[in-house]
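Colleague: Chain by chain, the residues:
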Amino acid sequence: MKPDISVKLCSIKLQNPIILASGTCGFGEEIAKFLNLNKVGALITKTITLKPKEGNPPPRIAEVEGGIINSIGLENPGIKSFVKDKLPFLRKLKIPFFVSISGETEDEFAELAKILDKEKNISAIELNLSCPNLKQGKNLFGQDPKITYETIKKVKEVTSIPIIAKLTPQVKDITEIALACHKANCDIISLINTIPAMVIDLRTGKPFLGGISGGLSGPAIKTVALKMVYDVAKVVDTPIIGCGGIMNGKDAVEFILAGASAVSVGTANLISPDSAQKTTEEIENYLIQRKINSVKKLIGKSLD
Amino acid sequence: MKPDISVKLCSIKLQNPIILASGTCGFGEEIAKFLNLNKVGALITKTITLKPKEGNPPPRIAEVEGGIINSIGLENPGIKSFVKDKLPFLRKLKIPFFVSISGETEDEFAELAKILDKEKNISAIELNLSCPNLKQGKNLFGQDPKITYETIKKVKEVTSIPIIAKLTPQVKDITEIALACHKANCDIISLINTIPAMVIDLRTGKPFLGGISGGLSGPAIKTVALKMVYDVAKVVDTPIIGCGGIMNGKDAVEFILAGASAVSVGTANLISPDSAQKTTEEIENYLIQRKINSVKKLIGKSLD
Amino acid sequence: MPLRQILILNNKEITSGYFLMKLSSPRIAQNTLPGQFLHIKCSTNNNLLLRRPLSIHRVINKDTIEILYKVVGKGTLCLSKKKKGEKIDCIGPLGNGFQLPKTDNQKHKTEIILVAGGIGIAPLIFLSQELAKSRIVAFLGAKTKDEILCAKELKNMNAEIHVSTEDGSLGYKGLVSNLLKNKLLTLNSKLSIIYACGPKGMLKEIALLSKEHQIPCQVSFEQFMGCGIGICNACVIRTKQGYKRVCKDGPVFDAEEIDWEKI
Amino acid sequence: MPLRQILILNNKEITSGYFLMKLSSPRIAQNTLPGQFLHIKCSTNNNLLLRRPLSIHRVINKDTIEILYKVVGKGTLCLSKKKKGEKIDCIGPLGNGFQLPKTDNQKHKTEIILVAGGIGIAPLIFLSQELAKSRIVAFLGAKTKDEILCAKELKNMNAEIHVSTEDGSLGYKGLVSNLLKNKLLTLNSKLSIIYACGPKGMLKEIALLSKEHQIPCQVSFEQFMGCGIGICNACVIRTKQGYKRVCKDGPVFDAEEIDWEKI
Ligand SMILES: Cc1cc2nc3c(=O)[nH]c(=O)nc-3n(C[C@H](O)[C@H](O)[C@H](O)COP(=O)(O)OP(=O)(O)OC[C@H]3O[C@@H](n4cnc5c(N)ncnc54)[C@H](O)[C@@H]3O)c2cc1C
Ligand SMILES: Cc1cc2nc3c(=O)[nH]c(=O)nc-3n(C[C@H](O)[C@H](O)[C@H](O)COP(=O)(O)OP(=O)(O)OC[C@H]3O[C@@H](n4cnc5c(N)ncnc54)[C@H](O)[C@@H]3O)c2cc1C
Ligand SMILES: Cc1cc2nc3c(=O)[nH]c(=O)nc-3n(C[C@H](O)[C@H](O)[C@H](O)COP(=O)(O)O)c2cc1C
Ligand SMILES: Cc1cc2nc3c(=O)[nH]c(=O)nc-3n(C[C@H](O)[C@H](O)[C@H](O)COP(=O)(O)O)c2cc1C
Ligand code: FES
Ligand code: FES
Chain G
1 MKPDISVKLC SIKLQNPIIL ASGTCGFGEE IAKFLNLNKV GALITKTITL KPKEGNPPPR
61 IAEVEGGIIN SIGLENPGIK SFVKDKLPFL RKLKIPFFVS ISGETEDEFA ELAKILDKEK
121 NISAIELNLS CPNLKQGKNL FGQDPKITYE TIKKVKEVTS IPIIAKLTPQ VKDITEIALA
181 CHKANCDIIS LINTIPAMVI DLRTGKPFLG GISGGLSGPA IKTVALKMVY DVAKVVDTPI
241 IGCGGIMNGK DAVEFILAGA SAVSVGTANL ISPDSAQKTT EEIENYLIQR KINSVKKLIG
301 KSLD
Chain Z
1 MKPDISVKLC SIKLQNPIIL ASGTCGFGEE IAKFLNLNKV GALITKTITL KPKEGNPPPR
61 IAEVEGGIIN SIGLENPGIK SFVKDKLPFL RKLKIPFFVS ISGETEDEFA ELAKILDKEK
121 NISAIELNLS CPNLKQGKNL FGQDPKITYE TIKKVKEVTS IPIIAKLTPQ VKDITEIALA
181 CHKANCDIIS LINTIPAMVI DLRTGKPFLG GISGGLSGPA IKTVALKMVY DVAKVVDTPI
241 IGCGGIMNGK DAVEFILAGA SAVSVGTANL ISPDSAQKTT EEIENYLIQR KINSVKKLIG
301 KSLD
Chain U
1 MPLRQILILN NKEITSGYFL MKLSSPRIAQ NTLPGQFLHI KCSTNNNLLL RRPLSIHRVI
61 NKDTIEILYK VVGKGTLCLS KKKKGEKIDC IGPLGNGFQL PKTDNQKHKT EIILVAGGIG
121 IAPLIFLSQE LAKSRIVAFL GAKTKDEILC AKELKNMNAE IHVSTEDGSL GYKGLVSNLL
181 KNKLLTLNSK LSIIYACGPK GMLKEIALLS KEHQIPCQVS FEQFMGCGIG ICNACVIRTK
241 QGYKRVCKDG PVFDAEEIDW EKI
Chain Y
1 MPLRQILILN NKEITSGYFL MKLSSPRIAQ NTLPGQFLHI KCSTNNNLLL RRPLSIHRVI
61 NKDTIEILYK VVGKGTLCLS KKKKGEKIDC IGPLGNGFQL PKTDNQKHKT EIILVAGGIG
121 IAPLIFLSQE LAKSRIVAFL GAKTKDEILC AKELKNMNAE IHVSTEDGSL GYKGLVSNLL
181 KNKLLTLNSK LSIIYACGPK GMLKEIALLS KEHQIPCQVS FEQFMGCGIG ICNACVIRTK
241 QGYKRVCKDG PVFDAEEIDW EKI
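Residue numbers (the working numbering), protein chains in the order written: chain G, 1 to 304; chain Z, 1 to 304; chain U, 1 to 263; chain Y, 1 to 263.
Extracted from the complex, chain G is given alone in its bound form (with noise of 0.2 Å):
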């Protein structure tokens, strides 16, 4: 007997619980040629802003020991492309995606989140709490407690659609930032992004990237995000998204036990487009092996 592998967040049922990470997938069509997207829990986007980014200059990506560095600077088309370019594909899959947006302002977060609430299909929107909040100087609008709660409130304002905060990494203690989350009333709590690093490239004694530095993705950062699920998953009832470094089914259960409702993979869909799908399989064939019958069993099991 096959066991049940569809989760919920909040109001959102999956199929299964394996979500493509933003800016992992792009807008779903290129990478449609190598997977089957209506065998996947759900699709995230890759980033949009309001005005369309060209991004960082080349390289953009390093590969490291367990992991890769990606400095590819939000490149994308601003908000108006996608609508117009991007969404009718998204629209025509049959699983639920989601738009991540950023912003340079609370406000602008707010006004992206006006237009896409104008357009139908879509199940949720992901704040990518990542990037630098202008107000503030250099700091990242995820890293303090009432910005992103501020932020979350004015975007809850002006649309219906359910909410994603998406966390960064870089905090002195993540469960400050999740309770934000909870009291802001955020539908679900994605984490985590990639952590700041860099290489310097010997032949040269300078930095390797294009933009000096990046993040840090793939198999290195797992032990670091499962203890961020684990730690979050303790002290709010939010669903979780769990990310980082999953590249298996193992991963996945990793997380999955730790707190998290679903997960995203990000590097794992760079190296093999088709590695939801196995991933998925082998979450399944645990399951089977355990003789478990369904995958909600699992989340959250190791904080008992």
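Don't take every hint at face value.
Unchecked claim - Computed Cβ-Cβ distance ranges for the label pairs, DEER-style:
#: 1; chain 1: G; residue 1: Glu-281; chain 2: Z; residue 2: Asn-139; range: 40 to 50 Å
#: 2; chain 1: Z; residue 1: Gly-137; chain 2: Y; residue 2: Glu-256; range: 40 to 50 Å
#: 3; chain 1: U; residue 1: Ser-24; chain 2: Y; residue 2: Asn-156; range: 53 to 63 Å
Treat the hints as calculated values from the structure; they're not laboratory data. A virtual CB, placed ideally from N, CA and C, is assigned to each residue, including glycine.
The hints should help you fit chains Z, U and Y with the ligands onto chain G, whose structure is shown.
Modeller: Positioned in the frame of chain G, the structure of chains Z, U and Y with the ligands alone reads:
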């Protein structure tokens, strides 16, 4: 012609830039059976507390992708036994050694420093600021610029031994903390300590480590540490000891280029107690290959 | 397009540091264009997560293709150790490929100028195969004579060959772009087209020459890649319309499209 | 004590999942005690950073030793793939080893009771070699009969052998501690000593029995290790005097020393 690989950390001269990191060389005695200690740059003792500490329940170590996670829990015999049983061996070494200390309050740090101030031959005291400040709930000393500043100030009042602040990576902005160290006239900054992380044992579904979570070290954290060293070197001129995932000479050179005047190796010692020696040779070879006559020329060169 | 585990039929070192690998894949052999590449997982080790892009070097028959590669780092080193009979995980063919003259008539009339810098020769052999109807003039540049590859193959296709080496160990001493510059003064065909592949510096010189002589020019770029299929935007280069993806919008671009100032 | 690259003379699977590896090292062969272990780097891959502790199983002659190991995870799997002629990076011999009766006379008088749970037999063969002068009674327990190892070697040393298997496929059906319990009622020597190695649960049972029967008992522990040489405090177990390091203060402890309640 052999290149000059000696470096200076404030007034302390090291014959080479390789330091054995705190907690990964004990108090020198055991590792001395595998490594000629008089050939390393310096040694930092395991962190000492006022009272003996028995540490966390086992298992205390897990092996993960690109690193290890430890939850030793600062097991140590306490300052009294350290002075009586461990210092005599260290004093006989011909290299500088630094004593790492940790307190539960700022005053405890000062108290420990006062005791050490009376002892001869200690080249520097390293303040392990990655430990919880009992007056501030679960916050770590090194997570707050003010507390970092005050701890260093209080210690500097009671001793003239040079002070090293060892920073935790679990912060919003490492430069804030480094600036606080600088303002407090800290002599040397050491970074980074391990990154909080955990492993879930899939056989039991529970956290694997006795201490539930621990600190990630090894290659997986190298690029994160490097970024922090680079960022700190940009804002302060305090000499830096770079640390995190240094496994060979190339890694060490990357840290030096990023702004470190010396580096400390941790995990590498556990794997091969003589790795410091190999790393030193590799730095030398790097310099010879590139015809650079002094390692000092590399310090901070990536920042130019 | 499915992912495939592809059988290695052969993997031999043809000159120090350069390997020729024969792969069995009817799907690729029958569906690829000159200039396209495979994105290859060289190892399952986690210090080598990303795939490596390698051009289709030759289509041998309807089942078999070849790649030609230089060992420059971890990925190509791992690849060089693979044995006949093993399988490798390849995505592809990917990318847009070179634009060829459309009709046989056009092919006949066009003079094809190939410019290869070092391992840049790799995709140009497949291209020459497809342009067998045309007159081919090939400019091969490398550091030293051992790294001048595929001259024999080109000769067999009746190509006119010009060689340059930086150390002067074979042919013209100097950069292949300078050699081309000299020859362009004497070559005189109205229907020429330049296809170039090699380091960025060389491509830039070639692009300048092509502009000067008003010869259409297509260049194939190398860029460190993430996904290879257009989803991550890691592989961009500057064009006059902003950044474009080498993996999806390229690797071949019209020289005119590129913002050479900013490269 | 220097680190050494040690030559593998042989590495063969003796029964499904269990390997016997012969190593050439005069230094180790001539300087080791029963109960000591080697700390072995099984791979240079960064997902396998730490060494793995394996007991000296036998000293064959003054140049050669053997280790006996069970494949349970990545490290032992890597080890099992090593071939004769390769070298491995070993630190050791490490740890304190078993305390033996001091004089030949004592050895003669003492009845040695060995208790092995599964792969716990590994160090006990070397111990038996050293105690050839004593009467040896060995209790071997395992899940199933295929995992009862070294019975022949023990027989050759004139040991009395008792076997238990959890599935009853050989000897007593049940745990080896229960088998020992039954036998202890009949054994009756004033100068007995128990040496035990196996899973913690078994050691605890044995320790209780030894206390009850007032027989001195030494137990050898397994614990996941970091350094293996006493610097990191990763490998501790609870003793009545607080945590002690298995690698340096052990792996052999007096059963009395251990705080069995908290294990
Ligand atoms: C479309 C396309 C087609 C190609 N076709 C061919 C072909 O047919 N034959 C061929 O030989 N080559 C070809 N190449 C080039 C080939 O892809 C590279 O040589 C190969 O990927 C190198 O991989 P590697 O692991 O051996 O080297 P790497 O170890 O990856 O080193 C390659 C370069 O990557 C950079 N780099 C990456 N990460 C880091 C880091 N962390 N720190 C510092 N530097 C870093 C450096 O510049 C380094 O020199 C092609 C490239 C492209 C884009
Ligand atoms: C002194 C001593 C002597 C020994 N002598 C022998 C001997 O002679 N023969 C022999 O066969 N064995 C011996 N052992 C046991 C042997 O050391 C282990 O079986 C071996 O280290 C296992 O390594 P592995 O990589 O194969 O397994 P691993 O993959 O390391 O798994 C082993 C165990 O490690 C734990 N573990 C470690 N990290 C993690 C993690 N991240 N998540 C979950 N679990 C984890 C788990 O409990 C797991 O079951 C000895 C042990 C000691 C301490
Ligand atoms: C190339 C690349 C681009 C990314 N772009 C975004 C992005 O636009 N928005 C975002 O919220 N996260 C982005 N991320 C972060 C991922 O969504 C994910 O949080 C992170 O990579 C950790 O997961 P992983 O280890 O599975 O990759 C990006 C990651 C990568 C590797
Ligand atoms: C087993 C172990 C014990 C450690 N104990 C201490 C300690 O007592 N005090 C301290 O400041 N750092 C301690 N550290 C951190 C190291 O000094 C070092 O900062 C960290 O491991 C990162 O360096 P690495 O990647 O080279 O190991 C310990 C690290 C390990 C692995
Ligand atoms: S490599 Fe990902 S878009 Fe080109
Ligand atoms: S393993 Fe390091 S002290 Fe025992």
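Colleague: State for each hint whether it applies.
Modeller: Right, here's what the structure says about each hint:
1. Glu-281(G) - Asn-139(Z): 40 to 50 Å: The hinted range 40 to 50 Å holds for Glu-281(G) and Asn-139(Z), with Cβ atoms some 43 Å apart.
2. Gly-137(Z) - Glu-256(Y): 40 to 50 Å: holds (42 Å)
3. Ser-24(U) - Asn-156(Y): 53 to 63 Å: holds (55 Å)
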